[in-house]
Amino acid sequence: MKIIIAVAAIVLVSIVGNLFLLRLLFGGKDPYHDGAAVEQTIKTDRGYKVGNLKKTGWQLDIPANTLEDGRLYMRVLSESESEAYKSSDFELYGTPVEITMENNENVRLGGAVQITLRIPEELQKDIAAEELFFGVYYDGNWEYFFPDNVDLKKGTAAAEIYHFSFFGFGRPSEDQQIRTFAKNFASLQWESQKQTKNMTDSLQRQYEDLFVSMGVNNSSLRTQLALDVINYLESEKLDTGDMSPISTLANMANAVSQGQAGMEDFRGQLIEFTGRALYRVMEKDPGKFASLANVTGGLSTAAGALYEGDTEGALQGIASMIRGADPIIALADTALTFVKESMETGINLWTQNEIEKAYQVYIGNAAGKYGYDNGLEGDFDAIFTTLGGGERMMKINVVKRYCEKYGKRESDLSQSERDRIVSNAMTYLKRHFDERKISDYEISNIQWKEELFIAELKKQNLLGASNYRDYFGIEKNLSNFNIGDRLARLYKLKSTVLGVMDKDVAATISDEELVKAIDQWIYWGEKKDYSGFWQYMRDMGYIKEPYKYDPTYAWVLVETLDFENAEDWAASDAHPAYIVRHGYSSGSYSASVTYEGDDPYGQGLKGTLGVQAVFSGMPQIIYPDEPVSLNLSFNTTQNDVVKLAFSSAASADFDEWDLGPGAVTRGAKVFVNEDNKYHFVLDVNGNPTSYSETLTATIGSGSEGSRIALRTKFYMGVSMGTNYVYEWKQVN
413 MKIIIAVAAI
423 VLVSIVGNLF
433 LLRLLFGGKD
443 PYHDGAAVEQ
453 TIKTDRGYKV
463 GNLKKTGWQL
473 DIPANTLEDG
483 RLYMRVLSES
493 ESEAYKSSDF
503 ELYGTPVEIT
513 MENNENVRLG
523 GAVQITLRIP
533 EELQKDIAAE
543 ELFFGVYYDG
553 NWEYFFPDNV
563 DLKKGTAAAE
573 IYHFSFFGFG
583 RPSEDQQIRT
593 FAKNFASLQW
603 ESQKQTKNMT
613 DSLQRQYEDL
623 FVSMGVNNSS
633 LRTQLALDVI
643 NYLESEKLDT
653 GDMSPISTLA
663 NMANAVSQGQ
673 AGMEDFRGQL
683 IEFTGRALYR
693 VMEKDPGKFA
703 SLANVTGGLS
713 TAAGALYEGD
723 TEGALQGIAS
733 MIRGADPIIA
743 LADTALTFVK
753 ESMETGINLW
763 TQNEIEKAYQ
773 VYIGNAAGKY
783 GYDNGLEGDF
793 DAIFTTLGGG
803 ERMMKINVVK
813 RYCEKYGKRE
823 SDLSQSERDR
833 IVSNAMTYLK
843 RHFDERKISD
853 YEISNIQWKE
863 ELFIAELKKQ
873 NLLGASNYRD
883 YFGIEKNLSN
893 FNIGDRLARL
903 YKLKSTVLGV
913 MDKDVAATIS
923 DEELVKAIDQ
933 WIYWGEKKDY
943 SGFWQYMRDM
953 GYIKEPYKYD
963 PTYAWVLVET
973 LDFENAEDWA
983 ASDAHPAYIV
993 RHGYSSGSYS
1003 ASVTYEGDDP
1013 YGQGLKGTLG
1023 VQAVFSGMPQ
1033 IIYPDEPVSL
1043 NLSFNTTQND
1053 VVKLAFSSAA
1063 SADFDEWDLG
1073 PGAVTRGAKV
1083 FVNEDNKYHF
1093 VLDVNGNPTS
1103 YSETLTATIG
1113 SGSEGSRIAL
1123 RTKFYMGVSM
1133 GTNYVYEWKQ
1143 VN
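Just so we're aligned: the sequence shown equals residues 413 to 1144 in this note's numbering.
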């Protein structure tokens, strides 16, 4: 868009010989009243400050290697000229500025240029920094973007721009503010949901394996813990800065390639973050967590320390358990792979605002805007090159931004590594655009929901620059306040607060109540005492079941049935040719038979065979499909038998709960040794004379109230045995 303005006066100023020429045009002391203009000759390898806040109201700070050689024109509109650009939706603070290059009105920059505006003094009183926006004017409408800061002490506002255009600054209507916020954060939320899914897919199973090794024996609780830890890694803000734990791990990934020490540091940091995440989970209700020893294993001990107020002891206990768990090595390897792959995406090498503009060009909604030429719809290569400020600058700046973000030195990179960084950035950004194109309807729905949420944030003053300054680290003069950063932080807190709520509550909570909960997190966080937040969450009913786990059912020992069969043993003993003795207690059997009959053929028939069988290790609880082990000690106590055939046998099985030892059903599950043997016999031959066996069997699940017996059985002409009766019950 070309705007022609009559200039009241022209003043030429020569600066530093013939390197460049400054032309400042203004008709009075107030540039916003009279207008002003500046011309600047640009050399690529030099940086420039164009304009002067006092004289022109607007100022550009241009780094070297941002523009090609040429001549820059900056024109500040007068008050009367600005009338055409005023709108009921946008109250201008000062007047707009048009910035162009000679013979090129649509200029894309090779890097960020800071644009700064002096806010008119009469508008600086009672200013609400969170309500002020820069605007860019296209096709008769203002499009808004966030300032990087509004400095009340200096009375200035600044932002980074990546293209020259027609800019304004001021206060949009509340609807426009909320719509601008939501438009930016809808696509970020969509991207964040994808990132969360990728991270969950990568790490959840490894974390569940870790928790198994730490004694957490309930699968639902393991899943909850894994998801809670992943939420922490993504959403928590570290005390040391604005980075999340996962971003910190990404920054450490480069050191890992430099040797074992780097990997150990990475693993140590992951252990610390995982421990702090588990501590966060326990904070919901440490007493409750400590009481769940039967499903949480050793973690309940750490929760007990937390409950007693021993924070350091709890953290040390958790870290010690994690460090000693074998799966932590595989988890660290998987986490490293994930963060390395995330580093290569290139999505985060530009601001969300600039990616959004490039995407709109890609789908044909922004032809000839934002420094892009006409006719680029669908031409990703040309768009990517333009996004980077031209082919040469694109390659330079992509590598530069990559190194700045991940703490690498450009000088350490080979040419192939540089080429890979650029190639990966292109590949992933195009994939992002293509996936986004398919998902635009979904994103539009997200935007509508985010407008409601952001409106509630604004209503409860969580966007207010002066509100909770200590928590957000904002200076008194608000010089470091950035509304985009505030919103990004609040969205992380949204994820955190929803993550600690009961899942059914999180799915249905209103925006009003959610923002109140976020406010409570910030309030107690500013006091550095989150106990008040957890109490609020419990009082509000947001945390009723802090540690949700599926009911665990198992076979529980409820009674023991004795089948001594004393009458049958007595009847056997009544036989005139035999003396039969037996001994019985639950699981322990002894018997002997002595021959006292005739010897009609003079064979020397005589003798006694005595044996003892003892079963031990019957469990109190049997979990379905988990092996049950018994010990069997079966010994010959006497054997002096001549020319007779006495024998005894011992075995064990699962069968119907009230079935005696002399019977068996088709559905019985027998106990076997490692050779799959289930029937053990001792006889007069003495081969063998004893057994010492570990026997195992497995049974499946039952139904509420159903019963089954673990039967230990003995036979020596007469049966006896014990039925250990188990009932299917909830055990947690």
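FYI, nobody ran anything at the bench for these hints, they're computed from the structure.
Bear in mind the structure is a predicted one, so any value in this text is a computation, not a measurement.
Here a beta-carbon is modelled for each residue, glycine too, at the ideal position from N, C-alpha and C.
Just so you know, not all the hints are guaranteed correct.
[Unchecked claim] Calculated cross-link-like contacts (lysine-lysine; reagent style BS3-like; alpha-carbon spacing at most 27 Å):
1) K904 with K537
2) K461 with K700
3) K904 with K752
4) K812 with K455
5) K498 with K812
6) K906 with K940
7) K441 with K461
8) K1089 with K1141
9) K915 with K849
10) K888 with K906
11) K467 with K566
12) K849 with K609
13) K1081 with K700
14) K606 with K595
15) K915 with K871
16) K649 with K940
17) K461 with K781
18) K812 with K870
19) K752 with K649
20) K455 with K606
21) K842 with K595
22) K940 with K888
23) K871 with K849
24) K537 with K466
25) K595 with K441
[Unchecked claim] The following label-pair restraints were derived from C-beta to C-beta distances:
26) S997 with S1115: 43 to 51 Å
27) G482 with T920: 52 to 60 Å
28) S891 with Y550: 25 to 33 Å
29) Q1032 with K1089: 36 to 44 Å
30) D613 with E803: 44 to 52 Å
Worksheet item: Is K849 close enough to K609, meaning Cα to Cα at most 27 Å?
Response: Cα-Cα ~19 Å, so holds.
Worksheet item: Does the structure keep K871 and K849 at a Cα separation of 27 Å or less?
Response: Distance of about 33 Å is beyond 27 Å: violated.
Fill in: Pairwise hint evaluation, K606 against K455, where the allowed Cα distance is 27 Å at most
violated (43 Å)
Worksheet item: Do the alpha carbons of K752 and K649 lie within 27 Å of each other, as the hint requires?
Response: With Cα atoms ~21 Å apart, K752 and K649 stay inside 27 Å; holds.
Worksheet item: Between K467 and K566, does the CA-CA distance stay at or below 27 Å?
Response: holds (15 Å)
Discussion item. For a C-alpha distance cap of 27 Å, please report whether K1081 and K700 respect it.
Written reply: Between K1081 and K700 the Cα gap is close to 39 Å, so the pair fails against 27 Å, i.e. violated.
Discussion item. Run the distance test for K537 versus K466: straight-line Cα separation, threshold 27 Å.
Written reply: holds (19 Å)
Discussion item. Would the hint linking K888 and K906 be met if the CA-CA limit is 27 Å?
Written reply: holds (26 Å)
Worksheet item: Can the suggested window of 36 to 44 Å be confirmed for the beta-carbon pair Q1032 and K1089?
Response: violated (27 Å)
Worksheet item: For the pair supplied as a hint, K842 and K595, is the alpha-carbon distance within the 27 Å limit?
Response: holds (20 Å)
Worksheet entry | Pairwise hint evaluation, K849 against K915, where the allowed Cα distance is 27 Å at most | violated (31 Å)
Worksheet item: When you take the CB atoms of S891 and Y550, is the distance between them in 25 to 33 Å?
Response: holds (30 Å)
Consistency note: the structure conflicts with the earlier hints numbered 1, 2, 5, 8, 9, 13, 18, 20, 23, 25, 26, 29 and 30.
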